[in-house]
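Take the given structure of chain A and dock chain B to it, following the hints.
Protein chains in written order, with this note's numbering: chain A, 1 to 113; chain B, 1001 to 1113.
If you are wondering where the hints come from, they were derived from the structure by calculation, not from laboratory data. Just so it is clear, CB atoms sit at the ideal spot from N, CA and C, and this is done for glycine as well. Accuracy of the hints is not assured; some may be wrong.
Said to hold, decoys possible - Calculated Cβ distances over 10 Å to all of chain B for the following chain A residues:
1) Ile18
2) Ile20
3) Asp55
4) Asn67
5) Ala70
6) Leu113
Said to hold, decoys possible - Now the stretches of chain A that chain B is said to cover, found in silico as 3 or more residues with beta-carbon under 8 Å:
7) 41 to 51
8) 79 to 86
What the hints assert, rightly or not - Straight-line distance between alpha carbons at most 30 Å, and here's what the computed DSS-like set of lysine-lysine pairs gives:
9) A:Lys100 / B:Lys1071
10) A:Lys100 / B:Lys1011
11) A:Lys100 / B:Lys1057
12) A:Lys5 / B:Lys1071
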Amino acid sequence: DQQVKQNSPSLSVQEGRISILNCDYTNSMFDYFLWYKKYPAEGPTFLISISSIKDKNEDGRFTVFLNKSAKHLSLHIVPSQPGDSAVYFCAASASGTASKLTFGTGTRLQVTL
Amino acid sequence: DTGVSQDPRHKITKRGQNVTFRCDPISEHNRLYWYRQTLGQGPEFLTYFQNEAQLEKSRLLSDRFSAERPKGSFSTLEIQRTEQGDSAMYLCASSLPGVGEAFFGQGTRLTVV
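So that you can see chain A by itself, here it is in the shape it has in the complex (with noise of 0.2 Å):
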């Protein structure tokens, strides 16, 4: 049972442009939704985060958007660069905090130029 999914494997997006990288939830339970990249041979490394009492979470160039209702979240990054190319992970939890993260099955982001 895959309470968190990302649909897409993969996304091919140009330098400079938006990249939106989508995940959805099937636990209601969940309160805490984080997203992070992977290098290959690296481990997960934290990007950003977001409470379910919000929805919208901005870093940067990252932008975190929640949508509860539709148990939705997405990735904006903008501008998209050449660095951003890897593995990215939506996580959920259903406790506020990062104990025992759900992960969903990766979408491989390639950033061409």
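Relative to the frame of chain A, chain B by itself:
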């Protein structure tokens, strides 16, 4: 570097052998987590500690797996009688309690032949 450190980075073992991995968390973090990631999947939660207490274990953690954090600092994950299905990346993460993000190490890649 004061990030999460895992050792070894790679381990190849024969089926039936025992293996042990070590994780050193960020020094002020009293929560420590173990995850497992297989190809094409996101990390899956295995277990977590607050200080030396193991607070939760996933059903993925069979009898052959045991994790310890004896002094509330580093942790070890042991797999007994390894099977080919144990081949995966084992990730350790740490966080402060009540904080959203967990910081991951680079992982230990286990190959069982």
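Worksheet item: Has the segment 79 to 86 of chain A got at least three residues whose CB is nearer than 8 Å to a CB belonging to chain B?
Response: Violated: only 0 residues of the segment 79 to 86 of chain A have a Cβ under 8 Å from chain B.
Fill in: Closest CB of chain B to the CB of Ile20 of chain A still more than 10 Å away
Holds, because the least Cβ-Cβ distance between Ile20 of chain A and chain B comes to about 19 Å, which exceeds 10 Å.
Fill in: Non-interface claim for Asp55 of chain A versus chain B (Cβ beyond 10 Å)
At roughly 16 Å from the nearest Cβ of chain B, Asp55 of chain A sits farther out than 10 Å, so the non-interface label holds.
Worksheet item: Keeping to a limit of 30 Å between CA atoms, is the pair of Lys100 of chain A and Lys1011 of chain B held or broken?
Response: Since the Cα atoms of Lys100 of chain A and Lys1011 of chain B sit roughly 26 Å apart, the hinted pair holds (cutoff 30 Å).
Worksheet item: Is the Cβ of Ile18 of chain A farther than 10 Å from every Cβ of chain B?
Response: Given that every Cβ of chain B is farther than 10 Å from that of Ile18 of chain A, nearest at about 24 Å, it holds.
Worksheet item: Between Lys100 of chain A and Lys1057 of chain B, does the CA-CA distance stay at or below 30 Å?
Response: Given that 30 Å is the threshold and the Cα spacing comes to 10 Å, the pair holds.
Worksheet item: Does the segment 41 to 51 of chain A contain three or more residues whose Cβ lies closer than 8 Å to a Cβ of chain B?
Response: holds (count 8)
Discussion item. For Asn67 of chain A, is the shortest CB-to-CB distance to chain B above 10 Å, so the non-interface label stands?
Written reply: With a cut-off of 10 Å, Asn67 of chain A remains clear of chain B, as the shortest Cβ separation is near 19 Å.
Practice prompt. Check the non-interface label on Ala70 of chain A: least C-beta distance to chain B beyond 10 Å or not.
Written response: Since the minimum Cβ distance to chain B is about 21 Å, Ala70 of chain A lies beyond 10 Å and the statement holds.
Worksheet item: Under the criterion that the straight-line Cα-Cα distance not exceed 30 Å, is the pair Lys100 of chain A, Lys1071 of chain B satisfied?
Response: holds (22 Å)
Discussion item. Given the hinted pair Lys5 of chain A and Lys1071 of chain B, is their Cα-Cα distance within 30 Å?
Written reply: At roughly 37 Å apart (the allowed maximum being 30 Å), Lys1071 of chain B and Lys5 of chain A break the hint.
Worksheet item: Can we trust that Leu113 of chain A is non-interface, i.e. its beta-carbon lies farther than 10 Å from all of chain B?
Response: holds (27 Å)
Violated hints, in rising order: 8 and 12; the structure is consistent with all others.
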